[in-house]
Amino acid sequence: MSLFAELGMRYPIIQAPMAGVQNTELAMAVTGTGALGSLPAAMLSTAELRKALEQLAASGPGPFNINFFCHRQSEPDPVEERRWREALAPYYVEFGVDVRAETTAPGRAPFNAEHAALLGEFRPAVVSFHFGLPAPELLALVKATGASVFASATTVAEAQWLARHGADAIIAQGLEAGGHRGHFLSQDLSLQQGTLTLLPQIVAAVDLPVIAAGGVVDGKGIKAALALGAGAVQMGTAFLCCHEATTSPLHRAALQEAHGQHTALTNLFSGRPARGIVNRLMRELGPLSALPPDFPHASGALAPLRAAAEKVGDSGFSPLWAGQNVSGCRSLAAAELIAAWVAEADLA
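Per our numbering, the very first residue in the sequence shown carries number 1; after that it's consecutive.
Bear in mind the hints are in silico, worked out from the structure with no lab data behind them. Please note that the accuracy of each hint is not assured.
[Unchecked claim] Restricting the straight-line Cα-Cα distance to at most 20 Å, the calculated cross-link-like pairs of lysine to any residue (SDA-like) are:
| hint | residue 1 | residue 2 |
| --- | --- | --- |
| 1 | K223 | G194 |
| 2 | K311 | Y92 |
| 3 | K143 | E176 |
| 4 | K143 | E121 |
I would like the entire structure built from these sequences, with the hints used as guidance.
Laid out in structure tokens, this is it:
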């Protein structure tokens with residue numbers, strides 16, 4: 001029996017954890033179909049995470065994936081912050097934002113002992129990590145709950161490192177995937193490959209189940225990934241317009257417009273490369289820039305500017321995360337989307 005069947009999954013489909021565009025409703029809808037629903041936890045406070053885990057636990061039987069970040073948290077650098085605010089100053093003036101405006105962007109806490117304690121209490125079926133794995137003592141606490149540990153790799157070297165350090169399954173994140181890059185061994189983006197080239201290399205390099213992520217938006221993509229050796233696929237962009245997602249109206253509109261097909265990797269919104277739809281900030285400052293502070297501090301100074309722009313219907317300063325292939329974004333219930341993919345990929 002495969003790992004995914006042991007988890008209670010009927011279909012080898014994992015909904016990608018997507019902070020800012022989902023809550024427990026999407027995760028519960030996906031798991032209810034027999035796929036694996038996911039909850040992004042990195043931007044939740046301890047109280048918020050507890051509430052979300054209680055909601056998932058009350059929703060009935062079925063596996064869930066709880067996702068965390070494993071970056072090394074740096075202290076804010078006043079010099080970097082001042083440089084970033086100076087770069088944004090003309091936009092502040094344009095939108096009438098007070099340059100002294102308080103930053104209210106949610107933090108992105110790396111996995112810690114409080115997180116581990118909550119996992120010990122609620123015991124989710126899967127715990128996944130982005131940017132590597134937590135410290136060995138924290139990973140041991142996760143393993144003690146009985147959870148299967150999934151982790152993202154953007155290169156073969158990262159997949160091999162994860163296999164040596166305790167991962168139970170590898171998420172092969174291709175360059176076309178939306179949201180933050182999961183790289184952790186090297187910041188060199190030229191090392192990263194598309195999903196269909198990365199996937200078979202990781203399958204050959206590690207003796208663990210491999211999950212394909214990036215560019216998979218329909219049943220045909222699922223079928224292709226499984227044929228290349230994936231045990232499951234992880235899909236995010238295709239869920240962005242479904243009814244249960246909390247994707248904003250501006251973000252949904254961008255996904256349906258012609259310019260929504262133009263995505264790029266950018267560090268402007270968080271300080272770390274992530275793929276999103278190209279908008280004004282990316283065009284005018286350059287998608288990859290030395291201006292933003294280190295991850296995750298870039299989002300602070302952007303928060304009041306983003307709020308002011310969105311208030312007048314302008315998404316030019318918002319992170320519109322999306323993968324290179326937005327063709328699968330449809331305004332349907334998650335269950336309808338998954339049923340269509342299952343039929344198209346002949347998974348039934």
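Cross-check of the supplied hints:
| no. | hint | in the structure |
| --- | --- | --- |
| 1 | K223 with G194 | holds (17 Å) |
| 2 | K311 with Y92 | holds (14 Å) |
| 3 | K143 with E176 | violated (31 Å) |
| 4 | K143 with E121 | holds (13 Å) |
Comparing the model with each numbered hint stated earlier shows that hint 3 is the single one that does not hold.
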